[in-house]
Amino acid sequence: MDELLSLPQRLLRAAASLKLTLLGLLLLGITTVLVYTRQESATPWLAGPLLLLALNLVAAVASNKVFRRQLPLLVFHLALIVLVLLAAIGRLTYLKGQAELTEGAAFQGLTVREAGPLHSGALEQLHFIHEGFDIRYLPGPVLDSNQARLRWEDTQGRMQSGTIEPNQPLVLRGYRIYPTSNKGFAPVFVWQAHQREPLLLSVHLPSYPANALSQAQTWQPPGASEALWVLLPVAADLIPADRPSRFALPKEQRLVLRRGDKRYEMQPGERLELGDGTLAYRGLSTWMGYRVFYDWTIPWMLAACAVALTSMGLHFWRKFGDQPWQASSA
Amino acid sequence: METELRTLWTAIVCYVLGGAWAIGGLVLKKRAERWVLGFIVAGWLLHTVALGLRWERLGQGPFVTLFEILSSNIWSLVLVFAISYWRLPAVRPSAAVVMPILFVMMGWLMLSSPGEVHFPRSFRTPWLYIHVGLGKVFLGAMLVAVGQAGVIQLRRTARGSGWFQRLPDDRRLDELAYRYMALALIFNGLMLVAGAIWAQDAWGRYWAWDPLETWAFITWLLLAAALHLRVTYRLTPRLSSAMAFAVFGLAFLTFFGVPFVSSRPHQGTF
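Chains A and B are the protein sequences, given in the same order.
Here the first sequence is numbered in our numbering, starting from 1 and rising by one per residue.
Here the second sequence is numbered in our numbering, starting from 1001 and rising by one per residue.
These aren't lab readings, by the way, just hints derived from the structure by calculation.
Calculated from the model, a selection of chain B residues having no Cβ within reach of chain A, i.e. all distances over 10 Å:
id, residue
1, Met-1001
2, Arg-1031
3, Ser-1161
From chain B, some residues computed to sit far from chain A (all C-beta separations above 12 Å):
id, residue
4, Glu-1002
5, Glu-1056
6, Gly-1061
7, Ile-1083
From the structure, some residues in chain A lie toward chain B, with a derived Cβ separation under 8 Å:
id, residue
8, Leu-18
9, Lys-19
10, Thr-21
11, Leu-22
12, Leu-26
13, Leu-28
14, Gly-29
15, Leu-143
16, Asp-144
17, Ser-145
18, Asn-167
19, Arg-176
20, Leu-302
21, Gly-313
Just so you know, even glycine gets a beta-carbon here, dropped at the ideal spot from N, CA and C.
All chains should be built: construct the whole structure from the sequences, respecting the hints.
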C-alpha cells in the first residue's frame, strides 16, 4: 500500500508516526535528566526534542484521521503545541532580575538581570518605593513571615500603597515584584567629595542574619581616592533563638571604618574628614532584596494547560464508556 | 500527641488486618470482601481522626515532614483504593497486591520520627491543598493500576493463576489498569500545573527544574510514554503491567525519595 503513496505522503506518514512520538518522549526525558544533572540552561537542551514532538504532532494532525474523528484528542494535542510555542515565546521575551532597596528608596533598576533577547517590557516605567518591612521569627530562629511595605504608581499614574509577601507579589505593568528573605542593615551616609555636591548614600551590609558574623562591606564613595571598609558590630542575641522575635535595628549603631591603615569609629550624627571629602553618618537603616519577574505568556500557558487537560479528560471519558471487566467479575 | 499516635497505630492494625484478610481469603479461596473492606474503612476512619488530632494540635496540615507525608499519603491511597474496591468488584482481589505495598509505607512510617517542624511561609496558600490533593489522586490511581498489574504478573505463576482464577482475563484487567493510568496522567498534569501556579506566587518562577519538579515531570513523561507504547505496539498485558510498575516506582521515588534526599526539594521552599 505504501508503494502507492507519493514521496511527500510517505514523508508525512513517517513524520506522523507514533514511534517517532515515543522517540521524542524518550529524548525529552533524557534531556530533562541532563538539564537536571548538569544544572545548565534548559532551553537549548529541550528545544530539539520539543521541536521533534511538535513536528510529529503537526504531521499526525494533518495525516491521521483519528484526530478528525476525535475532536477532544485533537484539541488536547493542539493545546500541547500551543503550550510549547508559548514556552518558546516566553523564553524569548521573559525577564527576571533582582534589586536591593534601602528603606525609603525608589526602584531605579535591577542589580542582577536576565532576559530573553526580545524582551521589550516597561521596566523603566516601574515606579515603586520600598517603605520598610516586617519580618518575624519563631524560636530557632526560623523565618516565620516576611512582609514588605511598598508605595507605587499605578498605570493611571495614581500612587498606591500596600503590603506584599512571598505568596502575594505586586503585579505592575506585567512585572511581578516579590520580597525575598535577603535583607540587612544599611548605614546611611552623606558624602561630600571636595568641590562637589553632597550625596546621600547607603551601604548595604551582607544579608542578616544569614551573615551575622560578617557584617562588613568594602565601599568606595564616588570621587573618593580610596575604598572604605565599614563594619557594624551586631550583638549575637539581636534575633534571639529562644523566643519569637522581629527583625529590628540594633540599639548600638556604632560603625567601625578602616581606610588604609587608619581605623575610625562613628556614631550616628558624627562626621569624618577623610582628606578627599567629608563623610557624615546619618544613621542606620535597612535594605531589602526584591525579585522581579516578567513573562506575559503565563496566563496564556495556564489557559492552554486548562484546555489540554479538560480535552484529555473528555477524550478518556468518551473512550471509556464500556466496562469490559464488569461482565465476568460478579 | 500520645492519643494521636495510639489512634494512628490502631488504624495501622486495622489496615494490616484488612490486608491479612485479603491475602488469607485469596490463598484459602474464601470470599472475605466485606471483612476486608470493613477493616480498611475502620482503619481509614481512625487514621482520619489521628491526622485531624495532629492538625488541631499543630495548627498545620500534614505536609512537611517525612512522617506527615507518609501518613497523609497512606491515608489518601487507602481512600482511593477503598472507593475502587467498593465500586469495582474486579479490583477487590488486587487488595492482596496493594495492601503489601501500603504495609511497606506503614513500616517506614513507624520508623520515622513523628516530631513537628516549622511550617514554611510559602506553604500558606490554598494552592498547597490543590497541588497536594491532585498529587494524591494521581498516586492513588497509579496504586490501583499497579494492583491490577500485580495480579497480571502473579498470574504468570501456577499458584497465582489459581488465586486469581475468578477474575476477568488479563486483557480486561489490563484495560482497567490502563484507565486508571489515563486518570493518573490527567491528575499528574493537573498537579504539575497547580504546582507551577503555586511556585509562581511563592518564589517568582513557575518552573525552575528543581529536583521535585524535574522528577514529577519525568514521571509524567514516562506515564505518557507508557500510554503511547500501549497504543503503538499493542503491548501484551504482561508488558503493559510492567510499565505500570515502572511508572508507580518512579512516582513513589519522586513522592517519598526526592524530598528527603535533596537538601532543597523546591528551590526557595525553606
